[in-house]
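> Here is how the chains run, residue by residue.
Number of protein chains: 4
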Amino acid sequence: MRLLFVGDVVGNLGMKMVEQYLPLLKKDLKPQVTIVNGENVTKVGRGINEKLFKQLMNAGADVVTLGNHAWNNEEIFSFIDDTKKLIRPLNYPGKDVPGNGYCQLNVNGTQVAIINLQGRIFMEETDDPFAEIDRLVEQLKKDQVKVIFVDMHAETTSEKKAMALYLDGKISALVGTHTHVQTSDAHVLNKGTAFLTDVGMTGPDDGVIGMEYEPVIKRFLTSRPSRFTVEENGSKVLSACLIDVDNQTGLAKAIKPILICKEHPYVG
Amino acid sequence: MRLLFVGDVVGNLGMKMVEQYLPLLKKDLKPQVTIVNGENVTKVGRGINEKLFKQLMNAGADVVTLGNHAWNNEEIFSFIDDTKKLIRPLNYPGKDVPGNGYCQLNVNGTQVAIINLQGRIFMEETDDPFAEIDRLVEQLKKDQVKVIFVDMHAETTSEKKAMALYLDGKISALVGTHTHVQTSDAHVLNKGTAFLTDVGMTGPDDGVIGMEYEPVIKRFLTSRPSRFTVEENGSKVLSACLIDVDNQTGLAKAIKPILICKEHPYVG
Amino acid sequence: MRLLFVGDVVGNLGMKMVEQYLPLLKKDLKPQVTIVNGENVTKVGRGINEKLFKQLMNAGADVVTLGNHAWNNEEIFSFIDDTKKLIRPLNYPGKDVPGNGYCQLNVNGTQVAIINLQGRIFMEETDDPFAEIDRLVEQLKKDQVKVIFVDMHAETTSEKKAMALYLDGKISALVGTHTHVQTSDAHVLNKGTAFLTDVGMTGPDDGVIGMEYEPVIKRFLTSRPSRFTVEENGSKVLSACLIDVDNQTGLAKAIKPILICKEHPYVG
Amino acid sequence: MRLLFVGDVVGNLGMKMVEQYLPLLKKDLKPQVTIVNGENVTKVGRGINEKLFKQLMNAGADVVTLGNHAWNNEEIFSFIDDTKKLIRPLNYPGKDVPGNGYCQLNVNGTQVAIINLQGRIFMEETDDPFAEIDRLVEQLKKDQVKVIFVDMHAETTSEKKAMALYLDGKISALVGTHTHVQTSDAHVLNKGTAFLTDVGMTGPDDGVIGMEYEPVIKRFLTSRPSRFTVEENGSKVLSACLIDVDNQTGLAKAIKPILICKEHPYVG
Ligand SMILES: [Fe+2]
Ligand SMILES: [Fe+2]
Ligand SMILES: [Fe+2]
Ligand SMILES: [Fe+2]
Ligand SMILES: [Fe+2]
Ligand SMILES: [Fe+2]
Ligand SMILES: [Fe+2]
Ligand SMILES: [Fe+2]
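Protein chains in written order, with my numbering: chain Z, 1 to 268; chain R, 1001 to 1268; chain F, 2001 to 2268; chain X, 3001 to 3268.
Treat the hints with care, as some may be off.
[Unchecked claim] Lysine to aspartate or glutamate pairs mimicking EDC-like chemistry, simulated, CA-CA at most 20 angstroms apart:
1) R/K1218 <-> Z/D134
2) F/K2218 <-> R/E1124
3) F/K2262 <-> X/D3168
4) X/K3095 <-> R/D1246
5) X/K3218 <-> F/E2212
6) Z/K262 <-> R/D1168
7) X/K3191 <-> F/E2212
8) X/K3095 <-> Z/E214
9) F/K2095 <-> Z/E132
10) X/K3218 <-> Z/D134
Quick caveat, the hints were computed from the structure, so don't treat them as lab data. Because the structure is a prediction, the values reported are computed rather than measured.
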């Protein structure tokens, strides 16, 4: 099973990059499942709506994951319950959390689970991601799901690596999101789980994690409120990774980072 | 001017990697200044002492930088004041902070400043890094210092990128440390400052940012105290970057990430 | 049912205050259940051991509660499982957490539950206190437990008040601990639950929340490590509150704060 | 010198309490200087505008202090520079911070300084409050200012107590704000500085620190965005304190907490 995962799509430029390169990547790399993190896809960089979700699916996504910004566009509440291919972090707290934390696909007879999980260090209070993933992975194993992919939306390198090592040998891959910068540590862990601390973002590349830099710097300089706006011009980046999984064992054979940007133009 | 910067050296395995590869890197790449972050070089992974500082210098470091762990080994207070080539973050607060936040070298007639700076988001309370670097860079410019390198020890991608954009065109390079995982975004910013969000760490590679993973996972699972210990076995990594600076303008010509690990063996 | 609750007992001076005044308070106020928070009772101000637990019980405690410092003295693991009258926060995460999060007493035929709960804002990551208390209170109601007291160990005023309002009418009383300073808002909420944001601490009163002030100020001034030590001299305080509960409804009739210190000497 | 200090006035109900009781308090207690914290006085509970500032002054305030919400209503930028009796925290970072961090009054020939200071633990990044207050107090001493009052806007009890002990004997009084709940520890420290960890808030008393409780509880239950609104009905509170200072020494003779609420009706 070959999985393609595209990191946090930010604003209009992020959508442009997806629409321009995702078809090419799919044609060249032939992934069987394509996952896109869409938590920042609105033009203000926070949340998603139904139109943009469909646009991501039309561009080639099979499943869209989210993160801490899942709920920032209120339109989400109107369609997430009926949209099985859009998943929010599994471990959001409370009763009757809208939507689902994972989805299951049948890919030519192989069961594939895509899970969205959120970390807690320096983030919103959520249910214990270790306990939640434990329960879900156990259930998926019982259901004979072999291929399990986790998009772990978290701030610190330590929480993402600890979670990957905790799940090593039990899932196919764990890839981090949220910091919007790709790390260079893609590798298969000792027991067979593919890992990448953070896949990075997709969208404007000249600002600060997708935002125009002047207001961000102003906030750092003054600690006073400052309205952040998504960068609409300049360089763009697409950050992704490609994972090959052995369908029999559910373990990873390889993970390869993908970067398309000014320094790394797409060569196909 | 060619600068080589090696990221956070962790424990015994970190020192081994430095002693094994730094001479080779220097022979092959011929940097004129070699900087090593030594904030985790003791065997417990926190702080530095005089013996280890000298060992880093003997292995080829010209300057050793630190970070939030600067003060964790109390021996530092006995020698940092007299050790100009060992620098702690510039913006530690208080009167009469031991040691210095930067050092200045004369490299074949070119003045080079190496600065250690610490971020504040999700970290210890320190003085404003933006205000402090502003003052220092202005003074260095007056003193005709052309080549200015900043090791910015910080947690978030946003604070490091914001600082780099704030200083773009005014300094030669800003490279992040502290997260212990190398990012894949090394590039020269639009106005000429080289940037890498995090250079990554040097030392044990199988655990969690240098630590054995069982106690770290135990802490995540229980939120109870758990004694962390530096990994003493298994795979090792050396994370670094190479920066070429135009001596006339003080701006960067190129920045190249360096990784030596199981997945990326050293090829010279 | 009359309950007496004594806030965080800190170090040797804290134990002295308990031994000196708890017998007097019990004689004068005639509580049927006496609860003491003992999370800081060791001489270093962190954790508890079996000897000190017994000393608190001998001084008049019926139940001892804890908090985030529950686990700081490792001796706790050797006796908490067998010590039903010593309870740790209900919502510590993980499987097989040592000890219990509540205890149940039969007081002259009336069932009384004492619960220890921990907040999450600016504190260790724990399981959702709202979800955990919900489950437990429902179970206690089924078991015909009428009188329910919660020691909520939390940092912010907002989390403690929100929890009290969430439980208003369902439990007898919620009293906060952890900030070590008594608040002046003891009152019965609209639906009958007694509330006090924080009951305050018991022990040395001249320092910073029980600690000698020089090292604490030094830490604030320098952001460098500084060893904190419990104040062993000077003024002392005992902070407590008295709650009267209607045994039929389980609701509070009154809550009265108690302070014994230099400014408020004990008058009996 | 007698000072009256009223804690964070929240929304419409807060203003009502000020307009109803401040004239009575002034008539009965005869303070020579009346200070009101107005950081939450807009109807949304965040920030201040010119009309509300004037309303507070008309109700009897001589000086209005602020806090972390100083900048939440953008109208502040249009008048704070010209409004010497409205002060924002001294230690906001950056160049040319609008407004002033303190103001100086001549009260029948005695110089009185009112300072607004902000803490850093669990709050916005600001300049070092210890270093900033040091500089200002030294300057005020040189200028023969005897009476110095500090409104320290901070989250934790430890930072407020540490600051008070740091300044003990050098200033007349330090009173905390920000947690919106009055503490019961008003006293004069050993070297003569009056202290109260938090004076508490003024306004709606039934919700969570002035806000309606349903949205606050919803946020705690779900960790999803929830619009907070100021409570417009129900019980009200006014929290304040009265401080008597010796004009010759500048040290405090007494500090007395004031609470007007359902449980503590005003008796004059
Ligand atoms: Fe994102
Ligand atoms: Fe995110
Ligand atoms: Fe480090
Ligand atoms: Fe660090
Ligand atoms: Fe405590
Ligand atoms: Fe505590
Ligand atoms: Fe406030
Ligand atoms: Fe505030």
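> Take the hints in turn and mark each one as holding or not.
Each hint tested on the structure:
Restraint check for R/K1218 and Z/D134: satisfied, since their Cα atoms lie roughly 14 angstroms apart, inside the 20 angstroms limit. Between the alpha carbons of F/K2218 and R/E1124 the distance comes to roughly 14 angstroms, so the proposed pair stays at or under 20 angstroms and holds. Distance restraint check for F/K2262 and X/D3168: the Cα-Cα separation of roughly 18 angstroms lies within the 20 angstroms cut-off, and the hinted pair is therefore satisfied. Simply put, X/K3095 and R/D1246 have alpha-carbon atoms about 32 angstroms apart, too far for the 20 angstroms limit, and the pair is violated.
Of the pairs offered as hints, the one joining X/K3218 and F/E2212 is violated, with about 40 angstroms between alpha carbons and a cut-off of 20 angstroms exceeded. The hinted pair formed by Z/K262 and R/D1168 meets the criterion: a straight-line CA distance of about 18 angstroms does not exceed 20 angstroms. Using a Cα cut-off of 20 angstroms, the hinted pair X/K3191 and F/E2212 holds, with the two alpha carbons roughly 16 angstroms apart. At roughly 16 angstroms between alpha-carbon atoms, X/K3095 and Z/E214 fall within 20 angstroms of each other, so this suggested pair holds.
Note on F/K2095 and Z/E132: the hinted pairing holds, with a Cα-Cα distance of about 12 angstroms set against a maximum of 20 angstroms. In summary, the hint linking X/K3218 to Z/D134 is not supported, as the alpha carbons are separated by about 27 angstroms, beyond the 20 angstroms threshold.
In this structure, the earlier hints numbered 4, 5, 10 are contradicted, and the remaining ones agree with it.
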